[in-house]
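Given the coordinates of chain A, assemble chain B onto it according to the supplied hints.
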Amino acid sequence: MAYIFSAIQYIMDLGAAIFLPIMITILGLVFGLKFFESLRNGLRIGAGFLGISITLDLLIGGMSPAIEYYSALGEGGFTVTDIGWQGISAIAWSTSYALIFVPIALVLNFILIRLRFTKTMDVDIWDYFHFFLGSSICYYVLKLAGIAEVPAFVIGLLVGIATFIVTLKLADKLAPKWQEHYNLPGTTCCNFDAYYMWAINWVVCKVIDKIPGLNKINLNLKWLNDRFGALGETSVVTFIVGVLLSLLTRQNLTNTLTMSITLSAAIVIMPKVIGLLMEGLVPVSNAARKFFKKRLGDDYEINIGMDQALCLGDPVGIECAAIMIPIAIAISFLPGITMFPLSGLGSLIYFTCACSLFAKGDIFKTLLSTSFCIFYTYEIDSWMAPLITQIGVQAGYISDASTLISGAEVEEFHCVLVALLGKILRAW
Amino acid sequence: MRELKVLVACGGGIVTSTYVSSEIEEIARKVNVKAHVTKTQLMNLPSVAKDYDVVFVASKYHEEIGVPVYSATGVVTGINEDEERENIKKVLIELSQKQD
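Chains A and B, in that order, give the protein sequences. For what it's worth, our numbering labels the leading residue of the first sequence as 4, then goes sequentially. For what it's worth, our numbering labels the leading residue of the second sequence as 37, then goes sequentially.
Just chain B, with the same shape it has in the complex:
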């Protein structure tokens, strides 16, 4: 199984994206998906996203960047967090199966 390349973006690629990436790393570990999570700034997305399998953003993001983008606001705010964790789990598993 190839390692999944995950990109997480927030404003500065530092604070909120660290919340999100630590969640994603934990979920990936639980479902046995190898994932390498990288953090970046939102402004960099259009130019760097294509090197990744999937992008998670802390905000709501609607731009078309050629890679599946999911919002992960819930794991930061704690609102509907369980539902959102399930969703992230599903996305990670689906993507890793697609790669096999």
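Next comes chain A alone, as it looks inside the complex:
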């Protein structure tokens, strides 16, 4: 046992950009890919990693004039850089859990289907990061609380596995509603973050239904999208937001232009470098899907667990996405929020399309549910920033903990629970 852990430790110490290419190469070989094909996938992932750390530097550097301004003010203000789900996913993928979790979860899922415990086959390997993000937060929390390496690692792993099993069950439950509302037969959703959105969405819609007057509001945003739809382009949005932030923090013209253009550049570059990670994972993910499908045969009724991206065509969700940008920025000024929304702004469509589920196409309910989701997300992301920054440093993405980072996904229930545990243990 101790031997295995020291081996894992050695590989981890090499850093994510080194060990993940090795891991993906091996995983590809296991699923029957050719050696050089597998090696290419692995090396792409390495390129993605190095690319991400450069881009995060750019993003954090771009934000620094604003953060310096707020830090000098003392209390409150925006002191946290929003690295978005993109940055958070990259951090999760570069922890040692990526190495262990993927094969364990794949095999576990296969066994649970055979036992007819679940009908969900989650072969969307990329999104496994949601689960082991919780693992790695748990691991760091326990380490900070003074717990030894091995138990901390094992408990972290168990947190991830437990979340994975819960998600499979939730996905079973969601399947009929998801398939009908979004017209996606044979599938279900295995993004754990979507479930807190649906929880909030469900409560908000229930409450609105009870309030006379509110339940009759009927909105139409078509005219707005026709006029301002083109402004929704990410680079333009980030540029405008950069200018806004510069004005708020009283920057001079040079700083304003530098900040706005740098931030916009970072946001445009981010998907390209993370895309490299993804390109490395696609063949492995496809091979895994075929591998398991073949071995399960046709005796099992299966729903394919997919990324939330599949429901993003929802017409109401699309209609609401653009208007949520100014609303989300307004929400960020509420007390307690220290993360200025940046990388997250392009992802609002995930929230609106999820929130149209229980709103049943009602725009007002969708907007209100989304606003509550955003509020919850920004509050928790801000609260967890010191912890996430620590993990970012450990993962080797940022050089020191002097600038705080955070982003979407850390507000998922299992991450919040382990963070709360850490607070109780006075670990952070």
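Taking beta-carbon pairs under 7 Å as the criterion, some of the chain A residues facing chain B (in silico): (1) ASN186; (2) MET309; (3) ASP310.
If you are wondering where the hints come from, they were derived from the structure by calculation, not from laboratory data. In this text the structure is predicted, and so the values were computed from the model without any measurement. Glycine residues also receive a C-beta, built at the ideal position from the N, C-alpha and C atoms.
Structure of chain B alone, referenced to chain A:
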């Protein structure tokens, strides 16, 4: 033959669109259609779609953006994937012939 400009969109222009674009690149190679595939975020579609010949989305998308839009959910989920590959093949061939 001019290169076909293909745009693929999903939520963040990273994950699911990579599944779709790798499929499209492979299909294009098989049927000898030169295609340059670009990935983007769904929210960017209304402003960038006009620079492309065809758009594939991972979800069901019903908005009018002035360019033919096709759903490619099947190649991601594996449900009816063969049928959908045939469909993509047909679209790519038709579009490339139109350009000649």
